[in-house]
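> Heads up: the protein sequence lines correspond to chains A, B and C, in order. The numbers in this note's numbering rise by one with no breaks, and the one at position 50 of the first sequence is 50. The numbers in this note's numbering rise by one with no breaks, and the one at position 46 of the second sequence is 46. The numbers in this note's numbering rise by one with no breaks, and the one at position 143 of the third sequence is 143.
FYI, nobody ran anything at the bench for these hints, they're computed from the structure. Among the clues, some could well be false.
Listed next, the stretches of chain B that the computed footprint assigns to chain A, with coverage defined by at least 3 CB atoms under 8 Å from CB atoms of chain A [stated by the list, open to error]:
hint, segment
1, 31–43
2, 207–214
Straight-line distance between alpha carbons at most 25 Å, and here's what the computed DMTMM-like set of lysine to aspartate or glutamate pairs gives [to be verified]:
hint, chain 1, residue 1, chain 2, residue 2
3, B, Lys106, C, Asp58
4, B, Lys103, C, Asp73
5, C, Lys5, C, Asp67
6, B, Lys106, C, Asp60
7, B, Lys103, C, Glu57
8, C, Lys123, C, Asp155
9, B, Lys9, A, Glu179
10, B, Lys103, C, Glu163
11, A, Lys93, B, Glu4
12, B, Lys172, C, Asp58
13, C, Lys29, C, Asp73
14, C, Lys250, C, Asp321
15, B, Lys106, A, Asp205
16, B, Lys226, B, Glu81
17, B, Lys172, C, Glu107
18, B, Lys103, C, Asp60
19, C, Lys11, C, Glu163
20, C, Lys11, C, Asp58
21, C, Lys29, C, Asp155
22, B, Lys172, C, Asp60
23, B, Lys9, A, Asp187
24, B, Lys106, C, Glu57
25, B, Lys265, A, Asp205
26, C, Lys188, C, Asp120
27, C, Lys232, C, Asp24
28, B, Lys172, C, Glu57
29, C, Lys325, C, Glu259
30, B, Lys172, C, Asp73
31, B, Lys172, C, Glu163
32, C, Lys328, C, Glu259
33, B, Lys172, C, Asp169
34, C, Lys289, C, Asp321
35, C, Lys314, C, Glu287
36, C, Lys69, C, Asp155
37, B, Lys172, C, Asp197
38, B, Lys103, C, Asp58
39, B, Lys7, A, Asp187
40, A, Lys90, B, Glu4
For every residue, glycine included, the Cβ atom is placed at its ideal position computed from N, Cα and C.
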Amino acid sequence: MRLKIKNRYTPIFFILPLVIYIVTISFYPAFSGVFQAFHSPSTGQLTTSNFTALAHYGLISAIINTVILTAGALAIEFTFGFIIASILSKRFKGRTIFSTIYILPFGIATVVSAYTFSLIFPAVGGYANSFLALFGIHAINWYSSVYMTLFTTMLADAWKTTPIVALILLAGMSQISPELYNAAAVDGAGPLRRFLSITLPNMTDFVTIALIVRGISEFNIFALPLILFGYSPKLLTTLTYSFYSTSATLYYSLAAATVLFAFVMGFALIVVFRNKMVGVYEG
Amino acid sequence: MRVEIMKRKTLNNYILYAAAIIVAIIFIYPLYILFMVSFSPTRYTLDELYPSQLPSHLSLTNFVSALTQYNFVSPMFKSLEVAFLVGIITLAVAIPAAYGLSKLNKRLANLIVVFLFMANLVPALIIAIPISVEFIKAGLFDSALALALAQSLFTMPLATFIILGAFRSIPKDIENQARVDGMGMIRTLYTLLVPLAKAGVAVAFLLSWLTSWDEFTFAVILSPLKPTLPVIVYLNITEGSLVQAAAFAAVISVPVIILTVVLQKYIKGVYLSGGLTG
Amino acid sequence: MTQKKIKLELKHITKKFGKNVILDDVNLKIYEGELFAILGPSGTGKSTLLKVIVGIEDPDSGSVIVDGKDITDLPPNKRNIAMVFQNYALYPNMNVFGNISFPLRLEGMKKSEIEKKVNDAAKLLGISEILRSSVNSISGGQKQRVALARALVRDPAMFLLDEPFSNLDARVRFTAREELKRLRDSLKSTFIYVTHDQRETSNITTRVGVLNNGTFQQIDSFNNLYETPKTKWVGDFIGNFPMGFMQKDKTHLIGFRPEWAVVGKGNMTAKLVTNEVSGNTNYWMCETKGGLMIVLVGNKLLKVGTTIHFRLKKYNLYENDKFVKQVKSK
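Based on the provided sequences and hints, a complete structural model is requested.
Laid out in structure tokens, this is it:
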């Protein structure tokens, strides 16, 4: 009898190291980080003072900027993602070469892509402006305002991250039965109509996943803004890091990270929940 | 009538190729700039306000100066050491975990995999800062092992998922046969199943290696004094040594580009979405 | 039969997967030297039963007894039972010799002894020439022999085979059955195999156990299964055509095989629904007045809808779907 019990539970012994690892390296530190963020650095008492102090250091604008950056980058990634997925979903000569080119940025280190884009979009001059000059277009200041800075960052970020979105969307497109398209073609639906009424509704799961995977990474965007423009305009991540690398206390840093964590969780919940509700309506 | 259809088909084809080529140019352009800058003397690139789009006077001077004037070797070895450690730690934990999961019923196993991917939702910063404190206490700050332990968080779910898929494709009866023949579970796993799943295991290792090689957030927080290559690039930029940064950036990117091309077959939407649709 | 030694005994074996009851109070006695087939439609727990016997699956309750010893709690390799899996489960990373010798190497047997045992087994099964081949390069029939050789080098107390013929070409399948019988005769060992195809049980077996809904419906020689099925279900399941049944009264049924009926004369009638030609013989599928389907052997093609008269040479009587007796008319 003892042997039977052992047999039934052996899978758990094999999974246990992974669970212990995740708990000690991820959950426990995250929990203790959030825990400390709610404690006073001087008295050790439960308090929200770290957060109110952060508000003086630009927490609100950091939140607004992070949300704008996330939304804008997602919009660009999904636009190009759908274009690439549509191209790759067709069969044509040279398809593998194109798909290799589209995937390449996926592996490039964020630091490298950030550095490269700092050459393309420097404060003055640069490769983008010299390219525009070929067409007689005046030089653009890529960092003239907060919004311009964020837009430049979106472009740079989308380069590295669009391949992931495109591949997930492609996986979604390729599981749609071609018969559906044939039926729609017979019904006389044009390309845009087919995209809106067949492609999109039949791959909502994949769109949701791409949104979650990318949206969360977008909130966490760190190396790219740090290298492109430093600590201003503020983002939740760079605000966290600025307190980590400069201040004597980690508590503000942890408080900023906690706000980031809350936004990530909130975002994930909204996407998952909204999708469920849509499912309920359609069901 | 037929001619009309043919015409429309070739027109569609032209549009397809035009779109494919334009997107390809946009995607290749930054890499082109990076390699052009790293292989050209600065007076034609960084020193120009409006540098030329075309390369001229290609040379290796930037690499030579980066190699000779900077301590290039130690960050390189640090990066290699951490990347291999991440690969090893990931496999050491993910292989048994995938084996255990393959023995559970499929729904429960998939649920656990999704839970693993959820662990990746926790922002690296909120993990990195508390563990940096722990590591300092434990004397692990700036050590390769500590950094590798942290970076493996990113690689563990995907590696487990890929290896689980590889194990599931092995017929169950082979393992049953091994039990009848008297082979123990651990021996079955390492002498029978792992060799049979070697493609999946290799892909998991290489993707983990690649993730670590590129990783910045944990690296800059947990190992700022003995930096890895990405951190060195960052430090060079902040110090204004843009030429050296270009050389380092090119060096980081070469193995990455090779691995991406080699692994292209395995970098799939289904993997990247973490089997959440499964 | 009764004097023979009991080799394997299953007592009240029950196995559930979640809420699904796969094996429901299975009882079975198998005697030394039998070639026993477990027959049943797919999904009735045949393979699970084999896995319980060999020890890969643990029963929720009940016991497995071999040679009078309860082995329910022993791990598979301590049971001294060999099993050949449906897809043969050859280790793809070893060659033929490596596969056959593997269980012996695990036992830590001496090299010279291993060599001898493998060669003997290979000779018996006619695979001496392919010992050094990769298992990926040999035919399905050869794979099965390799799997059998790997089973028999261990001198097991008995052999279990899961669907041994299902992966073979139709032509090899016939000879494979005879070979299995010959192997049993020369080893004088006990063989139990699982199949969903009754044609694979008719000639070579000592007895057949018909498994359905997780329990044995009848355990008997194939001839008895055909002749006197103990339930209506077994009568339907065994035979090229299901047994024909006609209502006798409220609780009684008459059951008969096509060749037990004599057509042309008689007081029984049925209406022809379709002609079915099988080889040289023509069968008439008919509908009785009560709406039941029966099969008769017919000498020629007839128009659909024709009324056929027939009488029965013998028939089985069933009460509430259970066999009562066989009745022979003059």
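> Which numbered hints turn out to be false for this structure?
none
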